[in-house]
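Those sequence lines, one after another, are chains Z and F. Per our numbering, residue 1 is the first one in the first sequence, and the count goes up by one each step. Per our numbering, residue 1001 is the first one in the second sequence, and the count goes up by one each step.
Simulated from the structure, these hints should not be mistaken for laboratory data. These figures come from a predicted structure and were not determined experimentally. Virtual Cβ for every residue (Gly too), placed ideally from N, Cα, C. Keep in mind that a hint or two might mislead.
Taking CB as the label site, the calculated pair distances span [as the list claims (entries may be wrong)]:
hint: 1; chain 1: F; residue 1: Trp1085; chain 2: Z; residue 2: Pro29; range: 43 to 53 Å
hint: 2; chain 1: Z; residue 1: Gly138; chain 2: F; residue 2: Ile1022; range: 22 to 32 Å
hint: 3; chain 1: Z; residue 1: Gln235; chain 2: F; residue 2: Asp1151; range: 31 to 41 Å
hint: 4; chain 1: Z; residue 1: Val18; chain 2: F; residue 2: Ser1204; range: 32 to 42 Å
Covered stretches of chain F, going by a simulated chain Z footprint (3 or more residues, C-beta under 8 Å) [unchecked claim]:
hint: 5; region: 1017-1025
hint: 6; region: 1103-1112
hint: 7; region: 1115-1126
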Amino acid sequence: MLDFFARNRVATLFGVTVLAFILIGIAAPGYLSLSTASVIMSNSLVLMTVGLGTMLVILTRNIDVSSGSVLGLSAVVLGLLLNNDVGLVPAIVICLICGALAGLFNGLLVTLFNVPSIIATLGTLGLFRGIMLILTGGKWIEELPQSLKFLAENGSIGISVLTVAVAIALAGVWAITRHTRFGRYFYAVGDNREAARHLGIRVHLVQISAFVAAGILAALAGIIFAAQIGFIPNQAGNGVELKAIAANVLGGVSLLGGSGSVPGVFVGVIFMTSIDSALVFLKIPAFWNDFIAGAVLLLVLLLDGRVRIAVEKAIRAKRYAVHAPAQTSNATPAPHTMRKTPATPQENAQ
Amino acid sequence: MKRIFLRWEMALFAMLVAEFAIFGVLNPRFLNLSNLLYSTSDFAQIGIVALPLTIVIIAGGIDVSFASTIGLCAIVFGIANFFGWPLPVCIVAALGAGALAGLFNASMIHLSRIQPLVVTLGSLYLFSGAATVLSGVVGAGGYEGIGNFPDSFTGFAYLEVASLPAPFVVLLVEAVILFVILHYSRFGRAVFLCGLSEHAARYSGLPIRTVQTITYVMTGIFAGVAGLVLSAYFGSARVDLGTATLLPAITAAVLGGASIYGGQGSIIGTLLATLVIGYLQQGLQMSGVPSQISSALSGALLVVAVALRHGSAVLTSFVAARIMATNRKRAAS
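Required output: the full structure, derived from the provided sequences and hints.
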């Protein structure tokens, strides 16, 4: 039982989420409806996209705290282009390229200059935000064209163009990390960088491409942000990087690199977003938001940590039980049983 | 001599002097002594939290929750004051709240054994949420401040001690205390060893948990001090008093030479880095540069400084490897 929860973080979180939904549904009738689902989905799009990029970076044992500013910067680039009568498609392409360049800059700092990623992206967090403010001159960008806002409009079945785009991004990242050789390199580099290098993996290339992907996804989040809100305030994307990291951790992505999956991030983001909407339905004042989000995050972390410690202890006890003096029988175990026993903990660990 | 001149602190000092020179040329009023002294009130709080944060980082941890702790302590002070408690009791309550916050962080980290960054990220939300809820209790609404402090308290931020502004004096006194603790005490050596190698520290019998817990509690207490200084300076206690110090304080600690991997850093370095960052923003503002550009420049400063530091280290080891390789070749032939 313990083993199951420790190894299936995603399943656990999924169970908790479903349970929470049911409990809230009982407490506040009308919560469990398609319209709520649609609201949660469109609210989670920005966080989902940023979180997906953050996951790729965390997989390679780096961290990206600049995604909030990349979001803002690329949203501003998009807004300025659109308001200067550039077509929607070229504007979106340039916006994504802008995000890729920002990610490339992060990646080069981390690989070429060997700066610890948290420091490098902390610096670019300020840098990109500053560039964004220089571009806008400190003013909000308003009156975005209707063509952009149309992207966020829910169609007759409650699905917007953006939802489809995010779904494609999710599926794409899932397919790449799960089914391509290059995708598996992300895990290898994050799990053991030296070993990956000795295997002949171009570690720097993998790390840079993780940052570039994170940049592109943050730019996509910027497009979503602009389309959903219809204007671009100065603080666009502020704090989303921390939320994205929190959602990743909730979804079982290890900050030590090398483990994590797209479904985990998906469930983590949905969980984080549904807290907000649940509070509205339970008629709890909005100022409880941060408190509850923090408490839930810490609680999950504490439980997860304790479970992991317990499992490690159990595995170690099993492994060393071989060496303990035999309690059941006085006879020393026959050689073939001795050879056999060490295999059991590994079988259990599979 | 070489040992003094080749230290990172000297580079920071040179940066500070260069800043004074450049801004002095751009705007002679910048070098006015009273201006230099009084503009410290705008960034003293960054140093007040960056100094204990340096010790946390040296011990191998990191704390990002101090930004919310500042607001939480300020709100606790405001509420204590709201209920008419005497001023010293209010101050003790605020500092106690900070210490508890630090203790909470440390125990969560030790209980869950998850990276400090993640845990304190969670408590960053938790503490700011707690502060918002608490300020709701006294009816200050979601994000409004709590005011009506006694004059003796608000007067403190504008007090002069030996012709220095009081917040700056707080920073200097704190720096002296922490300097002695970190560099001249048994506890300080334990902090460095913990950060260099936790295993080595454990095998040499150091109480690692206690050492790390003390560093987090210190950060909490000094976040409380920063909260008090800020609420005295602004005349009201708000939840978001500390949000703006999060990145500058980490920047100051890292620019000051603290290694994010632990085991390296100094109090003087962080103090100098605080002055570099603070005067950069002040100077840019006085030269008529809009605040948005100054935020970009301080981000760029962090990136460039750290890239140079790490880049030069990489270069040195590369050169050393080349020399060794040629030596080996020569020996072989």
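Quiz item: Okay, which hints does this one fail, numbers in order?
Solution: Those not satisfied are hints 4, 5.
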